[in-house]
Amino acid sequence: MYVEGAVDLAALVLSYFFLPECDKEKQRNLMKERAWKRYFPVYNKALEGKEFLVGNKLSWADVYLLDDILQLEEFHPDILEKFANLQAFKKRMQEIPTIKKFLQPGGQRQPMADDVYISTVKKLVFS
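Each residue of the sequence shown is one higher than the one before, counting from 1 in the UniProt record's numbering.
In case anyone wonders, no lab produced these hints; they're calculated from the structure.
Because the structure is a prediction, the values reported are computed rather than measured.
From the three backbone atoms N, C-alpha and C, an ideal C-beta is built for every residue, glycine too.
Incorrect hints may appear among the rest.
As the list claims (entries may be wrong) - Listed next, the in silico EDC-like pairs over lysine to aspartate or glutamate satisfying Cα-Cα at most 16 Å (straight line):
(1) Lys90 - Glu51
(2) Lys90 - Glu73
(3) Lys45 - Glu81
(4) Lys57 - Glu81
What the hints assert, rightly or not - Here are the computed distance ranges between Cβ atoms for each label pair:
(5) Pro97 - Glu21: 26 to 34 Å
(6) Val54 - Glu74: 36 to 44 Å
(7) Pro105 - Val7: 33 to 41 Å
(8) Phe18 - Glu51: 32 to 40 Å
(9) Arg92 - Glu21: 35 to 43 Å
Turn these sequences into a full structure, and let the hints steer you where they fit.
And the structure:
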């Protein structure tokens with residue numbers, strides 16, 4: 001359930017890059033609204049008194065949620081302001097040695113979609 005929610009949230013972010021310019025501001029607002037009203041309250045509650053979403057160890061759901069948070073923060077730096085458990089979760093996750101290394105400048109994390117990526121995807125999918 002947690003991964004499916006994170007996938008849905010990620011789809012909101014990814015679709016932004018393929019929208020016409022006139023629709024992008026609406027999508028930015030939709031991302032924040034859905035995160036604040038639908039997704040983050042559930043994740044915030046799930047993390048109450050816990051370090052991870054599932055059980056007592058790191059899972060795919062945790063990694064996916066962290067990635068969603070980082071992507072959304074690029075659009076809305078204040079996205080976590082109402083969610084203390086998610087703020088603590090993000091901080092904990094970023095201190096895990098392998099994740100910390102991955103997120104460092106020059107690490108393996110890929111940047112958000114750029115014009116070359118978008119153009120390539122459009123050619124592959126729509127031609």
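- Hint by hint, which ones does this structure get wrong, listed from lowest number up? Hint check: 4, 5, 6, 7 fail, others pass.
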